[in-house]
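Trainee: Here are the chains, one letter per residue:
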Amino acid sequence: MNERIELREDAVRALRLLAQAPLPEGMAERLTAGLQRRQRAAAPASPRVPAVYALAALSLALGMAALWVSLLGTEPIPAAQDRAAVQPHQALVGSPAPRTVAAKQGPTGKRAMRGVMEPAVAERVSPGFLNPPPLPLSAQERLLLQLARSPEIARAPAAILRTVVVVNHGVGLNTIFELDHQNPSPLQSTLQTQPIQGDIE
Amino acid sequence: MAIALGETGLGFLAAEDARDEPEMTALVANFSGVLYRVALSVLRDPAEAEDVVQETFIRVLEGRTRLAEVRELRPWLARIAWNLALDRRRRRAPEQIDEALAASLISRVCPADEAVAEARNLARVLAAVDRLPRAEREVLLLSAIDELSTAEVAALLKRSESSVRSLIFRARAHLQERLDGAQRSSKAKNGGRR
Numbered sequence: 151m152n153e154r155i156e157l158r159e160d161a162v163r164a165l166r167l168l169a170q171a172p173l174p175e176g177m178a179e180r181l182t183a184g185l186q187r188r189q190r191a192a193a194p195a196s197p198r199v200p201a202v203y204a205l206a207a208l209s210l211a212l213g214m215a216a217l218w219v220s221l222l223g224t225e226p227i228p229a230a231q232d233r234a235a236v237q238p239h240q241a242l243v244g245s246p247a248p249r250t251v252a253a254k255q256g257p258t259g260k261r262a263m264r265g266v267m268e269p270a271v272a273e274r275v276s277p278g279f280l281n282p283p284p285l286p287l288s289a290q291e292r293l294l295l296q297l298a299r300s301p302e303i304a305r306a307p308a309a310i311l312r313t314v315v316v317v318n319h320g321v322g323l324n325t326i327f328e329l330d331h332q333n334p335s336p337l338q339s340t341l342q343t344q345p346i347q348g349d350i351e
Numbered sequence: 109m110a111i112a113l114g115e116t117g118l119g120f121l122a123a124e125d126a127r128d129e130p131e132m133t134a135l136v137a138n139f140s141g142v143l144y145r146v147a148l149s150v151l152r153d154p155a156e157a158e159d160v161v162q163e164t165f166i167r168v169l170e171g172r173t174r175l176a177e178v179r180e181l182r183p184w185l186a187r188i189a190w191n192l193a194l195d196r197r198r199r200r201a202p203e204q205i206d207e208a209l210a211a212s213l214i215s216r217v218c219p220a221d222e223a224v225a226e227a228r229n230l231a232r233v234l235a236a237v238d239r240l241p242r243a244e245r246e247v248l249l250l251s252a253i254d255e256l257s258t259a260e261v262a263a264l265l266k267r268s269e270s271s272v273r274s275l276i277f278r279a280r281a282h283l284q285e286r287l288d289g290a291q292r293s294s295k296a297k298n299g300g301r302r
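Protein chains in written order, with this note's numbering: chain A, 151 to 351; chain B, 109 to 302.
Please note: incorrect hints may appear among the correct ones.
Each pair of labels, with its calculated beta carbon distance range [unchecked claim]:
| id | chain 1 | residue 1 | chain 2 | residue 2 | range |
| --- | --- | --- | --- | --- | --- |
| 1 | A | A191 | B | S215 | 36 to 44 Å |
| 2 | A | R180 | B | R179 | 25 to 33 Å |
| 3 | B | E269 | A | V202 | 54 to 62 Å |
| 4 | B | R292 | A | R187 | 49 to 57 Å |
Here are some of the chain B residues that sit facing chain A, going by a computed Cβ distance under 10 Å [as the list claims (entries may be wrong)]:
| id | residue |
| --- | --- |
| 5 | V136 |
| 6 | P154 |
| 7 | D254 |
Since the hints were derived computationally from the structure, they do not count as laboratory data.
Idealized CB from N, CA, C, for every residue including glycine.
Just chain A, same shape as in the assembly (with noise of 0.2 Å):
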């Protein structure tokens, strides 16, 4: 200490224990074990890290590959005839296209699972089991699957063709209408108008 005044001995020592108080034991230990840690987790990643990444992705990537190239090699795949011959109903609710079996696959195993059966089990079903009639459409899916199987937009037919009678109260620019909503057409409509009679009460 600079001193030009001499302090009472009991203030220099009481000054000299605070300023010369020993460290906690294991401060040390904990600071830097505590800076390590916060340096590690500050770190910029290692070059390293991104190397293993991509081999992982590598491997995954060729593993997938191997997978995608064993299913496409015993499996095959429905062609465009077949998809074709998709039922109408099928067609109007998504249901997926029926599969076909190679005839060289044989009747046993998955392979009798994904649709071909056993002869003698055959011979006990119905025909009408094995080719299931279609199932009848209402008149919009006759006319959806229409539409679907032309190129150009059909013409509705006359059967749902429907007149919409609108009432003309016939009061200017606040003229009410009023729709018959009972029997709508979804293709086609014809609005006629008719004078209403009388006072609007």
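Given the coordinates of chain A, work out where chain B should sit on it, guided by the hints.
Mentor: Relative to the frame of chain A, chain B by itself:
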């Protein structure tokens, strides 16, 4: 004595990827003592002072890209610890000198039969120091720390060396007066009781 960063062997701190364990250990070994005592002189609480030291090192590592501009490392570090300690002290409710601290400091140097009286003396002196004007108190506490020279105390407090010497002189004189006055009033009280 001014110590530049490169002269301390801690130039690694300025590098972006500084995380070597031996160098970190060197950083702690070189500066934790002085930083702890600076913080303790303000806070009088060992646990809080240790937290301040940790926070000081963390700030240094986070802002290590600016370390190359630091000319005098120790007063710069001490100033960070000093400011952090003052911030903590402001947040704490005002309280008397921690008697546990006084007892722990005394117990290392005194036999048990003298420890109580010494602890009481330490608490009395530190209470008198606390009543000094702020500038005098700061200079007195920092100049008592052996690791800090007058020049470093001046750099820490952003004062000139002559100003620091003058403040030390006045602080000692005021402290002497207060302790003498306290002793006289104590004797007068004891005499009155008799």
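Trainee: Flag every earlier hint the structure violates by its number, smallest first.
Mentor: Hints that this structure does not satisfy do not exist here, as all of them hold.
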